[in-house]
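These protein sequence lines map, in sequence, to chains R and X. Anchor point for the first sequence: position 879 equals 879 in the UniProt record's numbering, and the numbering is continuous, going up by one each time. Anchor point for the second sequence: position 447 equals 447 in the UniProt record's numbering, and the numbering is continuous, going up by one each time.
Hints listed in this document are in silico derivations from the structure and should not be mistaken for laboratory results. Please note: incorrect hints may appear among the correct ones.
Identical copies look the same in the list; a pair holds intra-copy or inter-copy alike.
To be verified - In silico EDC-like cross-links for lysine to aspartate or glutamate, where the CA-CA straight-line distance does not exceed 20 angstroms:
1) K296 / D316
2) K306 / E822
3) K296 / D312
4) K607 / D772
5) K393 / D108
6) K296 / E263
7) K119 / E421
8) K595 / D768
9) K176 / E237
10) K393 / E761
If you're wondering where the values come from, they're calculated on a predicted model, not measured in any experiment.
Protein chains: 2
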Amino acid sequence: SGGSGGTMASESEAQRALQYEQTLMYGRYTQDLGTFAKDEAARLRLQEGDTPRPRRPSELLEYTQGRCAPCRVCALQCQRFLISKVGEDWVFLILLGLVMALVSWAMDFAIATCLQAQKWMYGGLDTNVLLQYMAWVTYPTVLITFSAGFTQILAPQAVGSGIPEMKTILRGVVLKEYLTLKTFVAKVIGLTCALGSGMPLGKEGPFVHIASMCAALLSRFLSLFGGFYENEARNIEMLAAACAVGVGCCFAAPIGGVLFSIEVTSTFFAVRNYWRGFFAATFSAFIFRVLAVWNKDEETITALFKTRFRLDFPFDLQELPAFAVIGIASGFGGALFVYLNRKIVQFMRRQKTINRFLMKKRLLFPALVTLIISTLTFPPGFGQFMAGQLTQKDTLVTLFDNQTWAKQGISDEFEYLGILEAWHHPRSNVFVTLVVFILMKFWMSALATTIPVPCGAFMPVFVIGAAFGRLVGESMAAWFPDGIHTDSNIYRIVPGGYAVVGAAALSGAVTHTVSTAVIVFELTGQISHILPVMIAVILANAVAQSLQPSLYDSIIRIKKLPYLPELGWGHHEKYNVRVEDIMVRDIRYVTLNCKYRDLQQVLHGTKMKNLPLVESAESMILLGSIERTQVGALLSSQLSPHRRLLTLRQKVLSEDGHRLSDSSIRFQISTETSSGSPARPALRKPLKPALKRVPSSPADSPPVGSADHTGIALKSLFCANAATEPTEAQGTTYHKAKRVRISIVEEMILGDKMTPAEILEWEEQQLDQLVDFSSAKIDPAPFQLVEHTSLHKTHTIFSLLGLDHAFVTSIGRLVGMVTLKELRKAIEGSLTGKGVKVRPPLASFRDSTASTTEADTTALRQLWDRHQHHHMPREAGPGGDDDDNTPK
Amino acid sequence: SGGSGGTMASESEAQRALQYEQTLMYGRYTQDLGTFAKDEAARLRLQEGDTPRPRRPSELLEYTQGRCAPCRVCALQCQRFLISKVGEDWVFLILLGLVMALVSWAMDFAIATCLQAQKWMYGGLDTNVLLQYMAWVTYPTVLITFSAGFTQILAPQAVGSGIPEMKTILRGVVLKEYLTLKTFVAKVIGLTCALGSGMPLGKEGPFVHIASMCAALLSRFLSLFGGFYENEARNIEMLAAACAVGVGCCFAAPIGGVLFSIEVTSTFFAVRNYWRGFFAATFSAFIFRVLAVWNKDEETITALFKTRFRLDFPFDLQELPAFAVIGIASGFGGALFVYLNRKIVQFMRRQKTINRFLMKKRLLFPALVTLIISTLTFPPGFGQFMAGQLTQKDTLVTLFDNQTWAKQGISDEFEYLGILEAWHHPRSNVFVTLVVFILMKFWMSALATTIPVPCGAFMPVFVIGAAFGRLVGESMAAWFPDGIHTDSNIYRIVPGGYAVVGAAALSGAVTHTVSTAVIVFELTGQISHILPVMIAVILANAVAQSLQPSLYDSIIRIKKLPYLPELGWGHHEKYNVRVEDIMVRDIRYVTLNCKYRDLQQVLHGTKMKNLPLVESAESMILLGSIERTQVGALLSSQLSPHRRLLTLRQKVLSEDGHRLSDSSIRFQISTETSSGSPARPALRKPLKPALKRVPSSPADSPPVGSADHTGIALKSLFCANAATEPTEAQGTTYHKAKRVRISIVEEMILGDKMTPAEILEWEEQQLDQLVDFSSAKIDPAPFQLVEHTSLHKTHTIFSLLGLDHAFVTSIGRLVGMVTLKELRKAIEGSLTGKGVKVRPPLASFRDSTASTTEADTTALRQLWDRHQHHHMPREAGPGGDDDDNTPK
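Extracted from the complex, chain R is given alone in its bound form:
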């Protein structure tokens, strides 16, 4: 995983090539760069020595001595105190919460205004249905098209939910341009327009992304005041908190926000980050609600979708089967939604003709989808059968309503007041309206969330779930008009409670989370239905998880982000598969005493990003791992024109003095490397923030052993010998090579007097030299596994440490390698057969019945395998036996 230099703008969301780089949890240096930069700065300061460090505050003090010194002193002390405080976690979290609450509130306000405008337009034109229709359809189409175009132009990374990407980022992968100001602006404006259009789109996912960008920008801003925000590990922790803030201030649900963000983004969660999430999310939710009070929307802080269900007898025990039915049905529904959503995306991509057409007219697809959906929801048209004029928020408010709409199956007994009227149709009853609403919204939502605008799917699914719950609730109410309970008191059934349960269950099924239960409690302000909600959510999860990946995992797979699938529910065979069954045995390696030619061959022979460095081909003792780019750099530095010219000059000057000057070069190298091996690669990498304060340092010793000087020889290496190499090699190396090639031309003209044949000869000669690893960046402790490590444990370690590869060793000797790819294959192979492919319903149940015999055969095969392999390594063993064989 090379440098972060490549900034190739992504061109289309369909074929977007996601560039990523693995960041380090273990054994690599990038994490320590912040510290390194500080050390470096300290060294420079030491070098400056006698020249006094400029202390800005005191300088300022001297200038302003005349006027009101004590006041100034006080102000300066305050300033200094504040700056020292800026580094504290809680200051950052409070600022993050504050900013996000303001953003959230402002966006809510803008969205409400947009929706109001549409309603006003629609209402004002009630004399002419055609005009009304035009207004109803044009308005969202324009907004969505604008949103799509705007994000497309400014930052295509802003498209979609953002949760899949955040999940990948929190795993330690750096996605380019995902946390920049440009993306932030694109996402905020794009999302506001998209939601303002009234389409069935959500804001939860985008809010997670927005909050993360907020955190990234804020930490970059605050690092102006001090170096506290340069540590990558800390920034990852802050991002995890930001995800919680995103959900928290979207729903004013701090607890649910924290839990949801944990479930959705993490595999292993550091409990020490827990308070961060709670702190920031609570503060954010608090400010968000206070703003509503301050704006006189509310009298005091209350829940967003407050319900007023009966407290003393919220539900009867005998209603629980109905709740369980909601849960199971929601599980199937959720899986179907994920499936449908993925199929739509895949269909759009597979149809070459459609795809090519849409590529050209990039805004046509959003416009078309919006047109269809808004036409169908047109209230005087088909919309009247599906409460089309209600916004998402109004829909939820009505669905969570305390009253029972259908009494004894006849809907006309009940007075529909206010916005409730939308559900009432004179020629049909409320059941029909609800069924139509659910069916239509289901495919509309699945379709709408594929539009390339910033949008999520949580809220639409939540609404559908609420409607489904309401439908079941109303049916129950119609079936048992006086409640089920046969006691003295009549406790009627509360269909609103069913709606709450349905909302939690369906959204839980789609996202594979349990915390939607907590979110609904916080949203409605009532926890009385805790048991039905929990039961339904767990059942929905059980069903959905056995059928489909979660919506976010599905998107991760579609976008081909680097991920590690979860281990399924209780698959025992996981414990029986071992590393030796899945590892790659035939790996290329670099030996300590190899020649440059060997490096060249290794580079051509493999695509691995990290090459193992072993002591010798005989002993195979693993010493460390070296990055592919480093190997390339070693090669190019050996074949650099500069070195060639140096040799040439030396030859010309004196054949005898050759030995002397060569050793002086060697000396130069070794003094440089003795200042710490991470120093050199760090300087070579484009790490702007870390190196901002040491601008003069790299200029001291430019030429020797550096990768920045490559000649035609390298060109030949890259282009002639292996035409495929440049595409295989990482973008950075390629870029560097290109850039360098141009800058080298002048040097060639100036000093190069060797013929191409001579150069080739010289290079052949150079390639036969032994490799000098002293200037290479070697990871001295790459992660090692043992052959017997189980797949389950390997998965745990990979996800715990965010690894992308590990070497398999046996008593120091390298025997194989496992990468994310092998692991993924092993897991998916046993999980679903063919990756994303849908499993037949209830496959998990069938699997488990067959598991006993299967496990037996696996065990047998393994035993056989192990017996076979165990003879092999012992033959090349480290000689422990041989030593003792000499008799005393």
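With chain R's structure known, arrange chain X on it following the hints.
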């Protein structure tokens, strides 16, 4: 970390030596033993070959063919299906939930009966105050004394909360006898008696322990039906779920239970275990509440301490400062509670005379404490000023009451009905009662929780917090009789809401958790006060965490359990300390070509449990790690009488045949080891469950290279050469040596004809031989760190992987070692100066102001350090430079 053979019963809870063994997360074999056992079983089955495997169900079928075959077939199929299902996670979780709900309910019932009995006795004797007092005091004293004695005799491990132990166990440490049936019985009965006494004791912690024991026993029981429960990793996951069940069914709070158990027991939490906890806790809470309905206690499922606060305007924004005050005060109070609790324990231990006396009369201390506390709560006595006659449950119900007790500061306006009457004293007002209650209960709870009975501190603290909140609430209500809000509607202040906030804040402060907020919502069934509760809990946590460790961490430190302290809030210096600053450089190691004498010296020279195995002293390339016990086994096998007798016999038979027979022994060893290195050590360890099915296997090859044969030579090694060794060495090795010494005597009598001088000579000769490592269990991939790894990262990796040591390497070469001890020192050194010592209040704030200059000096020192150390290893470098120095 040696074998688990030592079962020395713990004698006193004061000086109890906790024996523990590190289990593996990484690179060791124990985890794979389940699988190994299966493989072994498969191998045995293969060996049996032609003899048909007995299939019990079909055999049964044949016997009963005559009677009603189809019915039997059906039953058998059902049975087979059920057995196959037993391995599923959800079956286990449902069973666990069911069992725990039943246990919880039965215990609640027993406790309620006990309390009822006391009340009845006290009520019945109201004619005579002295008799009444006797009854009031004797009853709890007897119960507590019985509880203390019972647990002491049956299982001293059952004493106390159990959460600290569970935290340690979940970190991967095996605590002996902590999850056995005996401990389960002791804990259940002891806890029932202790809580039935009416002392201020809690049941949350013990319930976590009980649930974990339930899970352990259940998995042992279910493993009778199949091998699914032999995997240690899975059992740990199930234990984590069990902790959630414990809290969940204690309070009927599934969500809060899961979160609380995560916060309290985990450092890194696997999100894939999340659903397990939710599933089991929900089921358990459901059954627990259903039992209450079934018992006609309740009409339907509701919250345990249901509140009926006003929903439409739960609190005013301007009341928030009062809630914040509750939070901050609770933070200080919580820290004080932890401090007080620890000081009492330390005082009891330090006072030698008291201690010796109490050791003798072990039941005196519990009786004395109970006597004091029950005397003070005697209702006609001092108890009348502190609502002494109320049980914990009644106290909570009254504190969460919806009414305002004090109106305009005059308490007589309000009619105290029912149990509320206890708070009303004719000659004092409710404020005095509350203050007295809080003060008295505070020290009583801190004292009572040190009694050696199974008990927790959560509930007492929760009650005190509720009383404190109520006090603030009543004061606010007296201060603003018509509410703060100056609008048309008068919204009076709800003191019950304050009580809820106070309860959550104080219990959160003591346990350092945020999830108490969720627990109160679930307990009260109302979420309307979410923001005040969250704010107070977070503030309380902030204050308490900066002052004191959590109650559980405090107990962990007192009990000296193997733990890793948490990194504090935003201590930036953590990022600047590196492994090279804290690692031990001077470590003993074993080389591949060393002699047995070297092993002896290494064993004498170090106390490390794991010794690094390097290639040679020159190269220092780390090949693996070898356990101390393994080294001891190698030595004793080399010096074993059996080997000596063999040599003797060979000498006697023929001097020429010597070479032949020695090589035949060698052959025997190598065939054995070629069947997989984990095989041998696994057989040697006392792993009963894993090896139950392979009883005949270890008997095949008893003598060669085994550790079970030790002679007087070994005795001299252990006793003469180093008198301190036996105490230093692990209990297991010592035990083994003792046991073996006795069994060896007969062998000596039978065949040993060498004089002691000859033996000594022979042994000296043996010690000069090269070590044969082929029979030793070597961890082929011990965990490695780099010198530059930051303390923060090291901490993360240690707690992620549950390590207790890691080697520090530099390009394959061993340069140092970090153990839990160094890490702990480094963290505590920077956190608190001297471990448990209390930091001055607000130390964190002072720290941060000084951090900038401190960081600078640290950076400088580090730079210097790094420069120094980098020359050192390069001199002994792996020859990369040297090779290239030869000019072409």
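Hints, verified against the model:
1. K296 / D316: between (38 angstroms within a copy, 14 angstroms between copies)
2. K306 / E822: neither (49 angstroms within a copy, 53 angstroms between copies)
3. K296 / D312: between (32 angstroms within a copy, 16 angstroms between copies)
4. K607 / D772: For K607 and D772, neither the intra-copy (22 angstroms) nor the inter-copy (40 angstroms) Cα distance is at most 20 angstroms.
5. K393 / D108: Classified as within; 11 angstroms inside a copy, 44 angstroms across copies.
6. K296 / E263: Neither. Shortest intra-copy (35 angstroms) and inter-copy (38 angstroms) distances fail the 20 angstroms Cα cut-off.
7. K119 / E421: within (16 angstroms within a copy, 58 angstroms between copies)
8. K595 / D768: within (6 angstroms within a copy, 41 angstroms between copies)
9. K176 / E237: within (19 angstroms within a copy, 36 angstroms between copies)
10. K393 / E761: neither (76 angstroms within a copy, 92 angstroms between copies)
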